[in-house]
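Q: Next come the chains, spelled out residue by residue.
Number of protein chains: 2
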Amino acid sequence: MPDNNHGNHSDRINVKNISPAVIKRLPRYYRYLGDLLRNGVVRISSNELSNRMNVTASQFRQDLNNFGGFGQQGYGYNVEFLYHEMGRILGLEEKNNIIIIGAGNLGQALANNQEFDSNGFSIIGLFDVNPRLIGMTVRGVEVYDIDMLESFIRDHEVKIAALTLPKTKAPQVAERLVELGIRAIWNFAPVDLNLPEDIMIENVHLTDSIMTLSYRIHNQ
Amino acid sequence: MPDNNHGNHSDRINVKNISPAVIKRLPRYYRYLGDLLRNGVVRISSNELSNRMNVTASQFRQDLNNFGGFGQQGYGYNVEFLYHEMGRILGLEEKNNIIIIGAGNLGQALANNQEFDSNGFSIIGLFDVNPRLIGMTVRGVEVYDIDMLESFIRDHEVKIAALTLPKTKAPQVAERLVELGIRAIWNFAPVDLNLPEDIMIENVHLTDSIMTLSYRIHNQ
Chain A
3 MPDNNHGNHS DRINVKNISP AVIKRLPRYY RYLGDLLRNG VVRISSNELS NRMNVTASQF
63 RQDLNNFGGF GQQGYGYNVE FLYHEMGRIL GLEEKNNIII IGAGNLGQAL ANNQEFDSNG
123 FSIIGLFDVN PRLIGMTVRG VEVYDIDMLE SFIRDHEVKI AALTLPKTKA PQVAERLVEL
183 GIRAIWNFAP VDLNLPEDIM IENVHLTDSI MTLSYRIHNQ
Chain B
3 MPDNNHGNHS DRINVKNISP AVIKRLPRYY RYLGDLLRNG VVRISSNELS NRMNVTASQF
63 RQDLNNFGGF GQQGYGYNVE FLYHEMGRIL GLEEKNNIII IGAGNLGQAL ANNQEFDSNG
123 FSIIGLFDVN PRLIGMTVRG VEVYDIDMLE SFIRDHEVKI AALTLPKTKA PQVAERLVEL
183 GIRAIWNFAP VDLNLPEDIM IENVHLTDSI MTLSYRIHNQ
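Chains A and B, in that order, give the protein sequences.
Going by this note's numbering, the first sequence opens with residue 3, and the numbers climb by one from there.
Going by this note's numbering, the second sequence opens with residue 3, and the numbers climb by one from there.
Quick caveat, the hints were computed from the structure, so don't treat them as lab data.
For every residue, glycine included, the Cβ atom is placed at its ideal position computed from N, Cα and C.
You may find that some hints are simply not true.
[Stated by the list, open to error] Below, in silico cross-link-like pairs of lysine-lysine (BS3-like), each with a Cα-Cα straight-line distance of 25 Å or less:
| id | chain 1 | residue 1 | chain 2 | residue 2 |
| --- | --- | --- | --- | --- |
| 1 | B | 97 | B | 26 |
| 2 | A | 26 | A | 97 |
| 3 | B | 169 | A | 26 |
| 4 | B | 26 | A | 169 |
| 5 | A | 26 | B | 26 |
[Unchecked claim] Take a look, some chain A residues computed to stay more than 10 Å from chain B by CB distance:
| id | residue |
| --- | --- |
| 6 | 39 |
| 7 | 50 |
| 8 | 52 |
| 9 | 60 |
| 10 | 62 |
| 11 | 117 |
| 12 | 137 |
| 13 | 142 |
| 14 | 155 |
| 15 | 156 |
| 16 | 157 |
| 17 | 180 |
Next comes chain A alone, as it looks inside the complex (with noise of 0.2 Å):
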């Protein structure tokens, strides 16, 4: 199987046996020091900084503790340092590319969504079968022929492969990118992949989302 060469990152803070549900809330902090920075905040107490992310002082520093602390008892914390760190832990100061198969609305929606940009992702190419599809760019990225995936894996550095693909396809495309060195994938079909336990599965399933939804409204 090909190595995909991810690259350490020497300094990097050693963090394991971080619970899911800490890992959820980092981009959610991440996301609110971003604006905060925006709005020329320098310095917050822990406790402005909770409210706004409706999230208790106590809650925050305990998470913040997994990676080594960044305040200062007293003092409040820095905005900038700590958006800094906090995008150093979620792997966004380097370079994050993502494909993406299935070049549809939603694979569009996904290639047009300038807040990947701006956190550090690039999408740099994507892929499907259609040829009315093939050859069009979406903000500047070629939608190219899936024939064409295995060259493109080999030549570029590709982190992430997001699947906007129907459920009767994604498994057999999951598979072939797996063998093709990709680690990480991004699944927005409504089937959950059965793949290596080494390789990484976010899944965005959009039907089990509005159906929580669902069973809230009826069961309020």
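Guided by the hints, dock chain B onto chain A, whose structure is given.
A: For chain B alone, kept in the frame of chain A given last:
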């Protein structure tokens, strides 16, 4: 504030204090049961079902027990019965009309998603401010001028509003929707909405999701 007339299901099970973790698993169970049903499976043992769904048999049984059970010890589950019971719990046996605010790629992707239709959701209108989009149709669903929101919501039973808007626009549009009587918001904007506590919000924060994956890549 207008009454949205959600309609009470007279024989619905009285479910309270069910943990969000359980609720999150229900759509997956429903999805797997639907696949079994379409594959002609009539009856399945608790062990086989849980194996396929990648949960323990005891967790599955416990989750179901929150709603009254549905299996007979030693006989396994009747797939069709369990599928429909699960659908009823999720509110999918009633009509769930959705409107989408924001008819860009993401809004169109949602309108094009046939998974929603086959699970009892109907997208009945898209809304936008962009004159180039207003008047077009997506799978037969019209894109209306956002100024039509008020009369549209008055004339239709709308259960859910999906927000596929930039984060600068989403909060004010969400407040307007609540004023117009909408109780459930499916929010795709990368911002947390501050709405009254009785308003149900389900967030799909795509940037948070990709950051979680990035975290795992860089800290594996």
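Q: For each hint, tell me whether it holds in the structure or not.
A: Do the hints match the structure? See the list:
1. Of the supplied pair hints, the one linking residue 97 of chain B and residue 26 of chain B holds, its CA atoms being roughly 21 Å apart against a limit of 25 Å.
2. At most 25 Å may separate the alpha-carbon atoms for a hinted pair to count; residue 26 of chain A and residue 97 of chain A meet this at roughly 21 Å.
3. Note on residue 169 of chain B and residue 26 of chain A: the hinted pairing holds, with a Cα-Cα distance of about 20 Å set against a maximum of 25 Å.
4. At roughly 20 Å between alpha-carbon atoms, residue 26 of chain B and residue 169 of chain A fall within 25 Å of each other, so this suggested pair holds.
5. Proximity of residue 26 of chain A to residue 26 of chain B is assessed by CA-CA distance (about 15 Å); at most 25 Å being required, the pair is judged to hold.
6. A cut-off of 10 Å between C-beta atoms confirms that residue 39 of chain A is not in contact with chain B; the least separation is 15 Å.
7. At the 10 Å boundary, the C-beta of residue 50 of chain A stays outside the reach of chain B, the nearest C-beta of that chain being 16 Å off.
8. The claim that residue 52 of chain A lies off the interface holds: its Cβ sits roughly 14 Å from the closest Cβ of chain B, which is beyond the 10 Å cut-off.
9. In this structure residue 60 of chain A is separated from chain B by more than 10 Å, as the shortest Cβ-Cβ distance comes to about 20 Å.
10. Non-interface call for residue 62 of chain A relative to chain B: holds, since the shortest CB-CB distance, roughly 15 Å, exceeds 10 Å.
11. Residue 117 of chain A, annotated as away from the interface, has a beta carbon of chain B within 10 Å; the closest lies near 5 Å.
12. For residue 137 of chain A, the non-interface assignment is confirmed: its Cβ lies about 18 Å from the closest Cβ of chain B, beyond the 10 Å cut-off.
13. With 10 Å as the threshold on Cβ separation, the claim that residue 142 of chain A sits away from chain B holds: the shortest Cβ distance comes to roughly 15 Å.
14. No Cβ of chain B comes within 10 Å of the Cβ of residue 155 of chain A; the nearest lies about 16 Å off, and the non-interface call holds.
15. Residue placement check: residue 156 of chain A keeps its beta carbon more than 10 Å from all beta carbons of chain B (closest about 19 Å).
16. Distance check for residue 157 of chain A against chain B: the nearest CB is about 20 Å away, which clears 10 Å, and the non-interface claim stands.
17. For residue 180 of chain A, the requirement that its beta carbon stay farther than 10 Å from each beta carbon of chain B is met, with the minimum near 14 Å.
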